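Q: Sequence:
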Amino acid sequence: LIGPLLGAGVVNGMKSWFTVAFPEYWLFFLGALFIVVTLYLPKGVIGLLKKRGEQ
827 LIGPLLGAGV
837 VNGMKSWFTV
847 AFPEYWLFFL
857 GALFIVVTLY
867 LPKGVIGLLK
877 KRGEQ
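Residue numbers 827 to 881, in the numbering used here, belong to the letters of the sequence shown in order.
Check before you lean on any hint, since a few could be wrong.
Between beta-carbon pairs, the in silico distance windows are [said to hold, decoys possible]: (1) LEU875 / PRO849: 31 to 39 Å; (2) ILE828 / GLY857: 20 to 28 Å; (3) GLY870 / SER842: 16 to 24 Å; (4) GLU850 / GLU880: 38 to 46 Å; (5) GLU880 / PHE855: 26 to 34 Å; (6) ARG878 / PRO849: 34 to 42 Å; (7) VAL846 / ARG878: 25 to 33 Å; (8) THR864 / GLY839: 12 to 20 Å; (9) GLY857 / GLU880: 25 to 33 Å.
No lab work stands behind these hints, which were simulated from the structure alone. From a predicted model like this one, the values you see are computed outputs, not experimental measurements. Even for Gly, the Cβ is constructed at its ideal location relative to N, Cα and C.
Produce the entire structure from the sequences given, and follow the hints as far as they go.
A: Dropping the structure here:
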């Protein structure tokens, strides 16, 4: 349950920042963030932290 809460917080924070920093392009950046996370972090941030903890 921590992963989805953390993800929602990150997405909300990035949306707020992108809308201020790039008002015309914020939706493209948010979409790119979703694509990057899906491709490179399929188990999410928590999965990445667990993997790093094992090493």
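Q: Does 16 to 24 Å hold as the CB distance between GLY870 and SER842, or does it fail?
A: 21 Å, holds
Q: I want to verify a distance hint. Is the separation of the beta carbons of ILE828 and GLY857 within 20 to 28 Å?
A: Given range 20 to 28 Å: holds, Cβ gap about 25 Å.
Q: If you check the beta carbons of GLU850 and GLU880, does the distance land in 38 to 46 Å?
A: Given range 38 to 46 Å: holds, Cβ gap about 42 Å.
Q: Against the range 25 to 33 Å, how does the distance between the Cβ atoms of VAL846 and ARG878 compare: consistent or not?
A: Given range 25 to 33 Å: holds, Cβ gap about 31 Å.
Q: Does the Cβ-Cβ separation between ARG878 and PRO849 fall within 34 to 42 Å?
A: Check passed, 35 Å falls within 34 to 42 Å.
Q: So the hint says 31 to 39 Å: do the beta-carbon atoms of LEU875 and PRO849 match that?
A: 33 Å, holds
Q: Using the beta carbons of THR864 and GLY839, state whether their distance is inside 12 to 20 Å or not.
A: 18 Å, holds
Q: A range of 25 to 33 Å was offered for this pair. Does it hold for the Cβ distance of GLY857 and GLU880?
A: 31 Å, holds
Q: Mind checking the hinted window 26 to 34 Å against the Cβ distance between GLU880 and PHE855?
A: 32 Å, holds
The structure fails none of the hints (numbered hints given earlier).
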